[in-house]
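Undergrad: For reference, the chains in residue letters:
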Amino acid sequence: MPDGAPEAAGADALPDRIDLRADIEQTGVAEVLDRLERDLVGLAPVKQRIREIAALLVVERARQTFGLATEPPTLHMSFTGNPGTGKTTVAMRMADILHRLGYSRRGHLVSVTRDDLVGQYIGHTAPKTKDVIKKAMGGVLFIDEAYYLYRPENERDYGQESIEILLQVMENNRDDLVVILAGYADRMARFFESNPGFRSRITHHVDFPDYSDGELMIIAEKMLEQQNFRFDDGARAAFAEYIPLRRAQAHFANARSVRNAIDRMRLRLANRVFSTSAEVTRDDLMTLREADVRASRVYSGGLLAAGQKDPA
Amino acid sequence: MRVTQGAFSFLPDLTDAQITKQVQYCLDQGWALGIEYTDDPHPRNTYWEMWTNPMFDLKDAAGVLQELNDCRKVHGGLYIRINAFDSSHGWETVRLSFIVNRPATEPGFRLQRSEGKNRNITYTTTPYSSDKPEGERYA
Numbered sequence: 281m282p283d284g285a286p287e288a289a290g291a292d293a294l295p296d297r298i299d300l301r302a303d304i305e306q307t308g309v310a311e312v313l314d315r316l317e318r319d320l321v322g323l324a325p326v327k328q329r330i331r332e333i334a335a336l337l338v339v340e341r342a343r344q345t346f347g348l349a350t351e352p353p354t355l356h357m358s359f360t361g362n363p364g365t366g367k368t369t370v371a372m373r374m375a376d377i378l379h380r381l382g383y384s385r386r387g388h389l390v391s392v393t394r395d396d397l398v399g400q401y402i403g404h405t406a407p408k409t410k411d412v413i414k415k416a417m418g419g420v421l422f423i424d425e426a427y428y429l430y431r432p433e434n435e436r437d438y439g440q441e442s443i444e445i446l447l448q449v450m451e452n453n454r455d456d457l458v459v460i461l462a463g464y465a466d467r468m469a470r471f472f473e474s475n476p477g478f479r480s481r482i483t484h485h486v487d488f489p490d491y492s493d494g495e496l497m498i499i500a501e502k503m504l505e506q507q508n509f510r511f512d513d514g515a516r517a518a519f520a521e522y523i524p525l526r527r528a529q530a531h532f533a534n535a536r537s538v539r540n541a542i543d544r545m546r547l548r549l550a551n552r553v554f555s556t557s558a559e560v561t562r563d564d565l566m567t568l569r570e571a572d573v574r575a576s577r578v579y580s581g582g583l584l585a586a587g588q589k590d591p592a
Numbered sequence: 309m310r311v312t313q314g315a316f317s318f319l320p321d322l323t324d325a326q327i328t329k330q331v332q333y334c335l336d337q338g339w340a341l342g343i344e345y346t347d348d349p350h351p352r353n354t355y356w357e358m359w360t361n362p363m364f365d366l367k368d369a370a371g372v373l374q375e376l377n378d379c380r381k382v383h384g385g386l387y388i389r390i391n392a393f394d395s396s397h398g399w400e401t402v403r404l405s406f407i408v409n410r411p412a413t414e415p416g417f418r419l420q421r422s423e424g425k426n427r428n429i430t431y432t433t434t435p436y437s438s439d440k441p442e443g444e445r446y447a
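Going line by line, the protein sequences match chains A and B.
Heads up: the first sequence begins at 281 in the working numbering, then just goes up one per residue.
Heads up: the second sequence begins at 309 in the working numbering, then just goes up one per residue.
For the record, the hints were derived by calculation from the structure and aren't laboratory data.
On a predicted model such as this, the values are computed, not experimentally measured, just so you know.
We treat Cβ as the ideally placed atom computed from N, Cα and C, and that holds for glycine.
Each hint should be verified, as a subset may be incorrect.
[To be verified] Computed beta-carbon distance windows for the label pairs: (1) B:D336 - A:Y579: 52 to 60 Å; (2) A:Q344 - B:K381: 56 to 64 Å; (3) B:E414 - A:E332: 49 to 57 Å; (4) A:Q344 - B:A447: 27 to 35 Å.
[What the hints assert, rightly or not] Some chain B residues flagged as far from chain A (calculated, every beta-carbon gap over 10 Å): (5) F316; (6) F318; (7) T360; (8) A370; (9) V372; (10) E375; (11) S437.
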């Protein structure tokens, strides 16, 4: 029994020193961080923050090995940023990191919105919220657009009940689950103002910046590569023009807008190929041409020019 | 007399850590877990009262333990068991059932003999505790 020896030696045999680098390698956190660096374009402050949190957790673990008693760190977080800036993606990675470091037993992510937490009638909310919390135990509970939980204009809204249960769990079950709240920055700020309990229970506030035009271009190329498509030169130039135009129009959602644009371009490609030729090559099916990009109404002023009123 | 129903009932009572491990095993098999309680320990009493709905889609035992502790707060003096349901056949089948809480004193069962025609004897058992009405049995 090789494992028995250090056990038997007991507390006297505390290790002399710990190699933090080796610890990071061994838990596979380095790999996750590298993957985060590689897969996610931009988001420098977010990556920096996650690195800091990972460092904190590794050091905490090392302290525990030396018998320096510590309270388990509070890991509840809030992710704020505009739509399509990668909040959910990062939350999923976060779950993975916490799992590898042993701060989350299962490492799964339960993603919910108001609908999953708040009930329809009196007495419906508490079991619903508790159900979700039970499912998230041992992992990460990701609450998207958390500010919808609190509706000050309706004093009989059941959201408040849900908030109270969440607050209690965030305090009492810190070992069992990590709560991540996400949403747009200004609304989250107002939400925290009216629910100071949340603000004080969340230690890590991470802000997701908008992507620059260049970053969105890289994201687009990556998405195309994943789906086995590519731009030809004309299309690439056209799409580089597309991004700033789209940004200026209503309901711009960063990477999500890019994904939607790509989906529409695929549609046009299919339509073009289908209507022009009976025989196609592998290349025809892969290459997006300039015309596929240029057909977008974004170039002609978007929704407004198409005669629809801007709802925002 | 100690009631022995379900798995592990000839062992000393499981500690919470042991219950957690058993529950985690069930979850890892993909089984749903239900908590049930009763104050009638008769072996033929198959249907116990349900404590909330059975729990589906859980990943970690902590959620079940929390629910169990809530149940203990209300019914700490009664029998509580955990059932694990396997749905892989298309219907829910109990795969594991074990008692996780029992009353401080278990009075046991009365064996009743009744003599019928031709001195034929039939036997039946009744828990002493069910002499009292429901709700007052393990006060």
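Undergrad: Output the indices of the hints that this structure fails to meet, ascending.
TA: 2, 4, 7, 8, 9 and 10
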